[in-house]
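There are 2 protein chains.
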Amino acid sequence: MNTVTLPKVVIIGGGFAGLNAAQRLAKLSVEVTVLDRKNHHTFQPLLYQVATAGLSPGEIAAPIRGILKNNDRMRVLMGEVVGFDLERKLVELREGTDISYDYLILAAGATHSYFGHDEWAPLAPGLKTLEDATEIRRRILLAFELAERRASITGKAEPVHFVIVGGGPTGVELAGTLAEITRNTIASDFDWINPRDTRILLIEGAPRVLPHYPEDLSHSAEHQLRKLGVEIIENTMVTSIEPGLVKVGEQVFPSTVTLWAAGVAASPLGKALGVGVDKPGRVIVNPDLSVPGHPEVFVIGDLASFADQKSGQPLPGLAPVAIQQGRHVAKNISHDLRKEKREDFHYNDKGTLATIGRAAAVADLGKKLHFSGFPAWFLWLFVHLMYLVGFRNRLLVLIEWAWSYLTYQRSARLITGSNQLPGWAQQQTLHETSEPSVEHEKKSEAAD
Amino acid sequence: MNTVTLPKVVIIGGGFAGLNAAQRLAKLSVEVTVLDRKNHHTFQPLLYQVATAGLSPGEIAAPIRGILKNNDRMRVLMGEVVGFDLERKLVELREGTDISYDYLILAAGATHSYFGHDEWAPLAPGLKTLEDATEIRRRILLAFELAERRASITGKAEPVHFVIVGGGPTGVELAGTLAEITRNTIASDFDWINPRDTRILLIEGAPRVLPHYPEDLSHSAEHQLRKLGVEIIENTMVTSIEPGLVKVGEQVFPSTVTLWAAGVAASPLGKALGVGVDKPGRVIVNPDLSVPGHPEVFVIGDLASFADQKSGQPLPGLAPVAIQQGRHVAKNISHDLRKEKREDFHYNDKGTLATIGRAAAVADLGKKLHFSGFPAWFLWLFVHLMYLVGFRNRLLVLIEWAWSYLTYQRSARLITGSNQLPGWAQQQTLHETSEPSVEHEKKSEAAD
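Line order of the protein sequences matches chains V and R. Residue numbering for the first sequence follows my numbering, beginning at 8 and increasing consecutively. Residue numbering for the second sequence follows my numbering, beginning at 8 and increasing consecutively.
The hints are simulated quantities; they were obtained by calculation from the structure and are not laboratory data. Hints may be right or wrong, so weigh each one.
Chain copies aren't distinguished; within one or between two, either way the pair holds.
[Unchecked claim] Using 25 Å as the maximum straight-line C-alpha spacing, the simulated DSS-like pairs for lysine-lysine come out as follows:
#1 348 / 15
#2 338 / 375
#3 338 / 96
#4 254 / 346
#5 76 / 163
#6 357 / 96
#7 163 / 375
#8 163 / 317
#9 278 / 357
#10 15 / 135
#11 346 / 357
#12 286 / 338
Here the structure is a predicted model, which means the values were calculated and not measured.
Work the whole structure out from these sequences, hints included.
The structure is reproduced here in structure tokens:
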């Protein structure tokens, strides 16, 4: 079944970097194995749409097996990598077997960082996986249902509070979309509460939101967010996250739902390689994307620390970087096979886009070409639709978007899993509701 | 805000029965409150499509709030009912408040029954909620991923075994769809295993599958299932369900994934009313759908035991029964308001349909009109599409179906949540794999 003489390439991670490497390697005379803990590729730029009930998980994810079309030379395995033996050229799986390689491509991506406060994780979920997204969706929708129920008991409507920690692209997207939902989608769906009274607070540590964007676009984003009703606090670090509240020094902000969009940490598999990593744990790679001392080992995507030739700064963790690096690694392996010289990687920056809400976005297409509002949003929509994996998803997502745009509705307003929010009981105590009966809280329905 | 003089109707349950009652009552001068534990209505006839990765949860469910359009006279509350005080006309909520009513419509539906073996529940999930469906989907897809991984370690492919307990419509749908998936959709997606070798076993206690259908259609269903490669055992009760296996007396069947499609039990809220119930716990209702001694209390849908005038048997738990009863209750309340005489409920049986797979189904449209195969399947598709709540869902589902039909693909092949199967370790022991490394099993990633 196997052509045993072919070089064996093992790719770890089915994200943008790993998938693009695999697709290009499929054209070479190599045997490829793609390993991932999940069975699916997640289109991360649209995760916030799942978290805010606009799209369903199935619309932004596809099975890796389906994308890559298994054959004798391309294999997909679901499994968790726990370590490496670079000398013996082995990948160690948790499931207790080793996989040997001639080339290793590590593209395991990034996860959240709570800056040493891992106890904040259950109180303020971040947005990296489909599970994260449906959990955030659950909390957002449940907040209004619980507020309505409570108001029906006490006769007094209290606003829902959202606090979003981190004003990068994810934080801005979440804040903008939440504003849109509360001002439009569900604005008249309730009787006792008025979702328009919802307070949305975005807290950013840097002096401005979207700190990695040009200053004029940050200001534009801020303006667009404020117009939507989002309150923004900049230059401010959160000091404590507790059930029902967020603290910033002495200031206490009530928070029905707290979302984490602040820190990113590299996958621990970076450190497991045993070569040099930077402060966030990303592996410092050579200009050809291999790691020092191991030309047969490449690290790409969010897990790689690649110094940009122009700025000297590491390239940001963006999909275009990952895609280009994935393709470049395949090209360098091809050079090896033909005994040619490898090429250095150069990032071709076509610009960056951040969306804020319905017809609101910012776009940075190089030094002079900054724009915002509807044109930026339309460009964002077009680009993301084009990159969505698979024709079918693209069509469905287009229909969903057209529907949302025309009707202000969101299609996936489902609360699944537990019917509880962290801090809901505490918040009730905090507000000193005199109603004694509110105290016994609903038991969580453990749904997997 | 409230027109205090209007009669207050409280509806418990946002399924077919409750929703249809609410929609008709919206036209009367009454104040309606709909209570449900979930925020969404689930289109149960298509749950098996979610469980088998054909549709996404968002495509077969919609928020009750969105369907019913809140206004001063129509309210939706998410909450759990724990009891009743029929004398004082109060509904008791777990959240610690009582809701008073002039009319009570109880439409709380049914749940699984494991015939006294509740310990089987985690080993053999049933299919009643979206959470059930995504859990079953997770187990089905994971079974193949784990089998592939294992074969990649041992070099020996072992078939995946599905055992479905119960040959009613749900069991038949699940068995047929699983056969289709393994013979077509994922047939060539794996390297080490061959999904075509998957064994699908359907166990039915009655002498034939679809025991409530006319005999010729049962035989047709059986024939269509066997043609798809499903093994069927009839006249047989499961005696034990254990991790990795199902026992029928002395016979032991290996089972990678066991699914429960056998018993249905009425919601415990039926008994909580304190009036007469039948053996499965359904409330025995008067011909006008009210309960004896309480003309202001109605029970409808799967929770009602209504003796059919023709057969004397209780009406089956089907969507058309629930829909017609919901509308009938609204009509009887309307009669009350006009001081007219109430009408007895008569079920208008337009026939029943069960689907088996791609272009395979059976239809019973009355005494002479039985048909099966493609025409029955097409009718099934049309009827279910028409009843799907909301135009948008209908369009999306139609696209999904057209896509699946043309390409044999399924769109929602996502494994979310834990990466473990119950009994996976045990099954490995059962088969006495000599590979020692297989024994330490992957830790479950607790995803909500």
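Hint check results:
1. 348 / 15: Close inside one copy (20 Å), not across copies (81 Å); limit 25 Å.
2. 338 / 375: neither (32 Å within a copy, 68 Å between copies)
3. 338 / 96: within (21 Å within a copy, 75 Å between copies)
4. 254 / 346: Neither. Shortest intra-copy (59 Å) and inter-copy (61 Å) distances fail the 25 Å Cα cut-off.
5. 76 / 163: Cα proximity of residue 76 and residue 163: across copies only (22 Å, versus 57 Å in one copy).
6. 357 / 96: neither (36 Å within a copy, 67 Å between copies)
7. 163 / 375: neither (52 Å within a copy, 61 Å between copies)
8. 163 / 317: neither (58 Å within a copy, 52 Å between copies)
9. 278 / 357: neither (31 Å within a copy, 65 Å between copies)
10. 15 / 135: neither (30 Å within a copy, 46 Å between copies)
11. 346 / 357: neither (32 Å within a copy, 73 Å between copies)
12. 286 / 338: neither (29 Å within a copy, 70 Å between copies)
The structure does not agree with the numbered hints 2, 4, 6, 7, 8, 9, 10, 11 and 12 stated previously, though it agrees with the rest.
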